[in-house]
Amino acid sequence: MMKEIYLIVGFLQIVLVILMQWQVYLRKIVLTFAASSVLIALFLFADGLILNSANLIVLATLTLVIRATFIPAYILKRLNKSHREREPRQVIPTASSILLSLLLVIVAYVVYNLTLFDITYIKAGSIPIAVILQGIFLIISRDNAFVQLIGYMVMENGLFLFAGYMFPELPLIIEGGILLDLIGIVMISGILMRLREDAISNTTEEFEEFKG
Amino acid sequence: MLFFYSVLQLVYVVLLAPLVAGVFNKLVEIFQSRNGPPLLQPYYDLFKLFGKQSVVPGSASGMFQIVPYITFTLYLFLTLVLPIITGFPLTFGPVVDFIGGGLIFGAIAVLKKIAALDSRNNYSHLGVSRAASIGALAEPILVLIFITFGVITHTNNPYVVNNVLQSSSHWYLSLIHWFVVLAFFMVLIIETGKLPVESHSNNELGMIDQAIEMEYSGAELALLKWGSYIKQFLLASVFLNDFLVPFFVPTKPSIPAVLVYCIVHLVKLMALMSVFAAIESTISKYRLFKNFEYIAVAFSFAFLAIIVFYTTGGNL
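Quick mapping for you: the protein sequence lines, in order, are chains X and P.
Last residue of the first sequence? That's 212 in my numbering, and every number before it is there in order.
Last residue of the second sequence? That's 1316 in my numbering, and every number before it is there in order.
Hints in this document: simulated from the structure, not taken from any laboratory.
Possibly wrong hints are sitting among the right ones.
[Stated by the list, open to error] Straight-line distance between alpha carbons at most 25 Å, and here's what the computed PhoX-like set of lysine-lysine pairs gives: (1) X/28 x P/1194; (2) X/28 x P/1285; (3) P/1194 x P/1252; (4) P/1113 x P/1290; (5) P/1290 x X/28; (6) P/1252 x P/1113; (7) P/1026 x P/1225; (8) P/1026 x P/1048; (9) P/1113 x P/1225.
Small disclaimer: the values here were computed from a predicted structure and weren't measured.
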């Protein structure tokens, strides 16, 4: 039962990152991230119910409150109105980045089977690694600080998937600590980004919109 | 007896294909709070076009006029080999498998493109170049989908795929199957020229397949139009019978069961058309170059199906 939930949530995470690569508007990327966090919370909740662990249920609640609600809402609030519906600049063209993101899933599968599989003996263990690699790729494929922040949090979603399935006994203090740290990071970077947006004149960026 | 079913299937598809297109057009208009054309409008159009005189460009070769007849015949052949109202193979069923069917669809597309190039019309050339670049990327997705089905059912025969999915809830509920369904649905939108990929308006901005038949008129245009209705009917039927809802398809030859399924199938098609109409009314068209991103996502789904198979060992 646990394995099925893990596989479904894991592959949906991969799909959601691919959808994030596809989205052009910041608002939709943030909402997609919120959806992927809800899935992680559901996964942890199911994990907690099956293993009868209160720690995991607390963690699931924290994930739902912080990652799936507070952080997306905070980022959306921080975004300037004009930026909310604007296309961020892309370093790598969208179609290529979707395919590269897919390629990373295969890379993760191959690398995992060659290395970690000998220790864990879990066949589907490559999924969280794929999500982490995709998160890194989301960071380098976009030239927008908010998307990069989301890429960072996607990596963390991958970590939670990894820890939740393979090491559910991990102490709450570590995972909870990561979650709470995140609030600080997001709030500080939100303020910094706002300052940066206000400081940099965006006359040239306005003309970017005319490009096809 | 199988021959009778074949004829029944042929008549069913050829006669009802324009109706399905008519229902789709009507639904789109209703969703947009308009009255819309009558349900039988495609029949009226075909009837009118068959009565009109054909005009052929002076610079076109004989190919231009023959192609609509060849493509229509090929569509009729496809009607005989796909599982539409029966889950058991008909007389010509063993002739081709999924890949063979795909090849015939490909042959039709190529013939249409050559004829469009032959017409020396600028807009047709524009349509050919767009259709070719999108088709070149959409076809590999179809092949990947069929390979995935080949892997899980050990065959490429559409009838066997239908029977396997109908009888095995393990495969029907598997993640592999649902990724394939998603990918095929996205390809279906490309192949039938629906929004968000193609918009059927009077300007050339959104034209892809529509531009190909620009120079045709009279009976040839009618055959091309009828052919595209049949194509939509066939692809939607394959999607419903082999992918999304393989249930209720009669697996044993029995006239009452097949006749009842004819009606059930029509209901399934109407449901699919209302989904298409809902998409058509809610989503705006992508810019032409954004279509390739859409195709990349469809490819991702098809490929993920294979990755799921390898990471789970086919156990999910």
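Hints, one by one, checked against the model:
1. With a C-alpha separation of about 23 Å, the suggested pairing of residue 28 of chain X with residue 1194 of chain P holds against the 25 Å cut-off.
2. A threshold of 25 Å between alpha carbons decides the hint, and for residue 28 of chain X with residue 1285 of chain P the separation of about 17 Å falls inside it, so the pair holds.
3. Of the supplied pair hints, the one linking residue 1194 of chain P and residue 1252 of chain P is violated, its CA atoms being roughly 35 Å apart against a limit of 25 Å.
4. About 23 Å separates the Cα atoms of residue 1113 of chain P and residue 1290 of chain P, which keeps this hinted pair within 25 Å; it holds.
5. The straight-line distance between the Cα atoms of residue 1290 of chain P and residue 28 of chain X is roughly 17 Å, inside the 25 Å bound, and the hint therefore holds.
6. For the proposed pair residue 1252 of chain P and residue 1113 of chain P, the alpha carbon gap of about 40 Å is over 25 Å, so the pair is violated.
7. Straight-line distance between C-alpha atoms of residue 1026 of chain P and residue 1225 of chain P comes to about 17 Å, which keeps the hinted pair within the 25 Å bound.
8. Our distance criterion of 25 Å between C-alpha atoms is met by residue 1026 of chain P and residue 1048 of chain P, whose separation comes to about 19 Å.
9. With a C-alpha separation of about 15 Å, the suggested pair residue 1113 of chain P and residue 1225 of chain P falls inside the 25 Å cut-off, and the hint holds.
Checked against the numbered hints listed earlier, the structure breaks hints 3, 6; every other hint is satisfied.
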